[in-house]
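Asks: Chain by chain, the residues run as shown.
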Amino acid sequence: MKNNRFVSSIPGDTWLLPSALAIPLGVVAVGVQYFGPPTIAVTVTEIYIRLVAALAIYMFSSNTGIISYGHVAFMGIGAYASAWQTCCVMMKPITMHGLPAFLKTANFPVVPSAIAAGVLAAVVALVASLVIMRLNSIAAAIATFALLFIFQSVYGHWDSVTMGVSTMIGLPQYVTPVHVWIWVAIAILVAFILQNSSIGLMLRASRDEHTAARACGARILKYRVIAFTISAFFAGIAGVMLGHRIGTISVATFHLDLTFLLLAMVVVGGLRSLSGVVLGVIIVSVIMEVLRLFQGGVSIGGQIVSLPAGSVQIGIALVMILVLRFRPDGIAKGLEFDVKRWLGRSSDEVALRRSDSGSSAAE
Amino acid sequence: MLTLRNLAVNYGAVPAIHDVSAEFEAGTVNFIVGPNGAGKSTLLLTIAGALRPRMGSISFRGKTISGMNPEDVASQGCSLVPEGRQVFSRLTINENLRLGSIAGRRKGGSSADTEEVLSLFPILRERYSQAAGTLSGGEQQQLSIARALLTRPELLLIDEPSLGLAPLVVDGVYEILRKLKNDSLTMIIVEQQATRVRNNGDTVTVVRDGHVAFSSKVSTISDYSELEKAYFGFS
Amino acid sequence: MSYFLQSIVDGASLGSIYALIALAIGFVFGILRLINFTQSDYITYCAYALIIPSTAAMPALFIGAWPAALMVISVLLIGVVLALLTERFAFRAIRDAEPEILLISSFATSYLLQHILMAVYSTRPKSVSIGNWLGEPVAFAGLRVPLIQLVTLGVTGAALIALVAMLRYTEFGIKIRAAAENYRMARLLGVRANAVIAGCFAISGLIGGAVSLLLVAQTGSLDILMGVSPVIIAFFATVIGGMGSLMGAVLGGFLVGMVSQLLQAYLPGEAREFRDAFLFAFTILVLIARPNGLIASSAIGQRT
Numbered sequence: 001m002k003n004n005r006f007v008s009s010i011p012g013d014t015w016l017l018p019s020a021l022a023i024p025l026g027v028v029a030v031g032v033q034y035f036g037p038p039t040i041a042v043t044v045t046e047i048y049i050r051l052v053a054a055l056a057i058y059m060f061s062s063n064t065g066i067i068s069y070g071h072v073a074f075m076g077i078g079a080y081a082s083a084w085q086t087c088c089v090m091m092k093p094i095t096m097h098g099l100p101a102f103l104k105t106a107n108f109p110v111v112p113s114a115i116a117a118g119v120l121a122a123v124v125a126l127v128a129s130l131v132i133m134r135l136n137s138i139a140a141a142i143a144t145f146a147l148l149f150i151f152q153s154v155y156g157h158w159d160s161v162t163m164g165v166s167t168m169i170g171l172p173q174y175v176t177p178v179h180v181w182i183w184v185a186i187a188i189l190v191a192f193i194l195q196n197s198s199i200g201l202m203l204r205a206s207r208d209e210h211t212a213a214r215a216c217g218a219r220i221l222k223y224r225v226i227a228f229t230i231s232a233f234f235a236g237i238a239g240v241m242l243g244h245r246i247g248t249i250s251v252a253t254f255h256l257d258l259t260f261l262l263l264a265m266v267v268v269g270g271l272r273s274l275s276g277v278v279l280g281v282i283i284v285s286v287i288m289e290v291l292r293l294f295q296g297g298v299s300i301g302g303q304i305v306s307l308p309a310g311s312v313q314i315g316i317a318l319v320m321i322l323v324l325r326f327r328p329d330g331i332a333k334g335l336e337f338d339v340k341r342w343l344g345r346s347s348d349e350v351a352l353r354r355s356d357s358g359s360s361a362a363e
Numbered sequence: 364m365l366t367l368r369n370l371a372v373n374y375g376a377v378p379a380i381h382d383v384s385a386e387f388e389a390g391t392v393n394f395i396v397g398p399n400g401a402g403k404s405t406l407l408l409t410i411a412g413a414l415r416p417r418m419g420s421i422s423f424r425g426k427t428i429s430g431m432n433p434e435d436v437a438s439q440g441c442s443l444v445p446e447g448r449q450v451f452s453r454l455t456i457n458e459n460l461r462l463g464s465i466a467g468r469r470k471g472g473s474s475a476d477t478e479e480v481l482s483l484f485p486i487l488r489e490r491y492s493q494a495a496g497t498l499s500g501g502e503q504q505q506l507s508i509a510r511a512l513l514t515r516p517e518l519l520l521i522d523e524p525s526l527g528l529a530p531l532v533v534d535g536v537y538e539i540l541r542k543l544k545n546d547s548l549t550m551i552i553v554e555q556q557a558t559r560v561r562n563n564g565d566t567v568t569v570v571r572d573g574h575v576a577f578s579s580k581v582s583t584i585s586d587y588s589e590l591e592k593a594y595f596g597f598s
Numbered sequence: 599m600s601y602f603l604q605s606i607v608d609g610a611s612l613g614s615i616y617a618l619i620a621l622a623i624g625f626v627f628g629i630l631r632l633i634n635f636t637q638s639d640y641i642t643y644c645a646y647a648l649i650i651p652s653t654a655a656m657p658a659l660f661i662g663a664w665p666a667a668l669m670v671i672s673v674l675l676i677g678v679v680l681a682l683l684t685e686r687f688a689f690r691a692i693r694d695a696e697p698e699i700l701l702i703s704s705f706a707t708s709y710l711l712q713h714i715l716m717a718v719y720s721t722r723p724k725s726v727s728i729g730n731w732l733g734e735p736v737a738f739a740g741l742r743v744p745l746i747q748l749v750t751l752g753v754t755g756a757a758l759i760a761l762v763a764m765l766r767y768t769e770f771g772i773k774i775r776a777a778a779e780n781y782r783m784a785r786l787l788g789v790r791a792n793a794v795i796a797g798c799f800a801i802s803g804l805i806g807g808a809v810s811l812l813l814v815a816q817t818g819s820l821d822i823l824m825g826v827s828p829v830i831i832a833f834f835a836t837v838i839g840g841m842g843s844l845m846g847a848v849l850g851g852f853l854v855g856m857v858s859q860l861l862q863a864y865l866p867g868e869a870r871e872f873r874d875a876f877l878f879a880f881t882i883l884v885l886i887a888r889p890n891g892l893i894a895s896s897a898i899g900q901r902t
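Here the protein sequences come in this chain order: A, B and C.
Its first residue numbered 1, the first sequence is counted upward by one per residue in our numbering.
Its first residue numbered 364, the second sequence is counted upward by one per residue in our numbering.
Its first residue numbered 599, the third sequence is counted upward by one per residue in our numbering.
It is worth saying that the hints were derived from the structure and are not from the lab.
These numbers come from a predicted model, not from an experiment.
Don't be surprised by glycine CBs; every beta carbon is placed ideally from N, CA and C.
Misleading hints may appear alongside valid ones.
[What the hints assert, rightly or not] Over 12 Å on every C-beta distance to chain C, these chain B residues come out as not near it, computed from the model: (1) Glu386; (2) Gly425; (3) Leu443; (4) Val533; (5) Lys542; (6) Ala557; (7) Arg571.
[What the hints assert, rightly or not] Covered by chain B, according to a simulated footprint, are these stretches of chain C (three or more residues, beta-carbon under 8 Å): (8) 761 to 773; (9) 781 to 793.
[To be verified] Computed far set for chain C versus chain B, every beta-carbon distance over 10 Å: (10) Leu683; (11) Asn730; (12) Ala776.
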């Protein structure tokens, strides 16, 4: 019975894990949106947006073992695509005169626009991955990094549709905690389905075995492309959410800082489990908020204590380095939350698992 | 000269060797044989310091070497001729040999050693400044042994010297090993087959599933069926 | 025709810088399978050491005000020390980790170093004037070339020759090449891993220092991200050249520099702004055509 911990082996309880991850997050979203102070609602919204982005990276990287350094580019592509459809209809013909006519003069409803934006990101990912996924894992990781720089170069200079490096303002700010949560829930579900599908299983089986990967090369290539495309859709959605949360976007937002933050989250939590990613996003976000608070100055016993600028980034980098060194599988160690234990379905099983919790940690 | 006490080694997460104890005398040629995957190569790599034992100890000439870095084990006078030769294919033969003499120099070796070693391997002298990758399998095996000899070893560990070589070429390799034995070099030779044991070895140890299944002096073996039984796991 | 020649000289000068950085990355990658992002920080830290710590846009010179020879030696030394520190404290403990972990660790370490520097100097770009006279154009083979380009070519050329000679003829060079081909076997023969790896990092730091001086002399400015872009490009050059092959790294560096300058010179005006996108797309295409790089290093890339 001890394999019950791994969801893939218990089809009867399939929906327990995604539900256990998504429902509490939903409760929090409703709580802060309708009953919490606005500042907390903003913080929760930001955390959930990062969660969608981190889940996107997870969908691809956990299955393929290739860490993507390029997903932030898809966030940018999504954010701009949504802006083209929904932003500032009065200004568009002037500031973004290079847009096709149907976009230049009209605006579209936000939700279909968001989905269309995600699809655009996915299409770009599809084309890029047909090329990139032929490479071995380290070279592919580097190539995803190249995508980020290509995005920066193209969007940073494509003045007639992106306004170059200037900030685009006037995106409708429709993003609320509950709205993002819906995307979080969908992303959790899709990530879960993907990793338990034959695609996910094949990809993970081939991940550590170069020879195996070569033996069924064409099929693995196809599966990698599929995983990359799906994950880029969600990265695109995260970008859309980000833009419509603040109401402004600029190319610089979608660069190394955001890449680093998302990777830190994924690494700290652990790339080998869905629970790990959720945990990582929450932990790193909390550390970030605390450091941000101290950076602004906190009064402790009458003394104002304030950390120098840059403490947030330095702190997160240190946490990430320490986790990589002492717990390379992340804080979750590749384990999922044991939902059944929470529900208290079987108390003698709990005792059993506690006694061997270290030894059966391998995936 | 070399004593293994209750050695246990993991290869990755998998236990490859459990509880191996053995004693190898100076000046002897010792065979370790066993089927594929028995843990023979793991054993040699552990002695050479490339793998760390999980339990147990290795002492070499009275000194504990388990837990040492491979480079320090080499300096102690224990040298490995690895499975598949592993010559540096992009380096010249000369450069491969110079690498061998790094550990040798720490033990007071000199360029005279190189001359002496090359006299055993005339083919290497002919191709001195050629890339090692251009050598044939048998020549690479010679280079690998020559390189190990330049570390001035007291103990030579040789992992499957006949692997992938034609029988005639293997004869040549064993010809060289016999010369080394006459110079009273201590050797541990790992082979998958026991065919060369009778004519070349002083002792033979059968390793199976990570433990010693049989061990004896070659001279006292009257009936090789005992060895075969141990090899194939019949009891 | 002279426009073409001019582009070639520009390309060679830029390419030689990339080649040098690619070689530094190649040294470390060859042995540790580590893509060393902190190479960019060696460059940046060395450059910022020229000025006194300050957030001003026109800061006073610090090492930059010292006599030229002393300045150069100090900057190179800072590069070496910084590189050795990163090796000792960031990478030694995780040396045997998977390549993916190494890659992301070096990304994180670089980010950390970058933000420490940012906390001291702020993100504001700074202008620094050292070696202004190097900007003077000189007549050269019928072209008017800024002196700094010739100096760059001279310095990088000399450094490349010295490094290649070191690799080929010295015992340390043989050890590096052996360890790059088969790290474990080299150790089994008595090659001291710590010494060889530290040596490779020291060379990387040295190269970082030299590149920082050349870049500052060329641009007259300091920027927190000044090391990132050349290192990323150089690191693609390493991949193009064939990871693990040092000659490949040099070749890849020159190629990328040359292609970059030719794109700059011959792309139509509108497309010129997207030069970097073309450059990165070009590198990916080279990788598709030759997955193991221009100088394939057999199957060794897979071994740990």
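Asks: Can you name, in rising order, the numbers of the hints this structure does not satisfy?
Replies: Result: hints 3 and 12 break, sorted rising.
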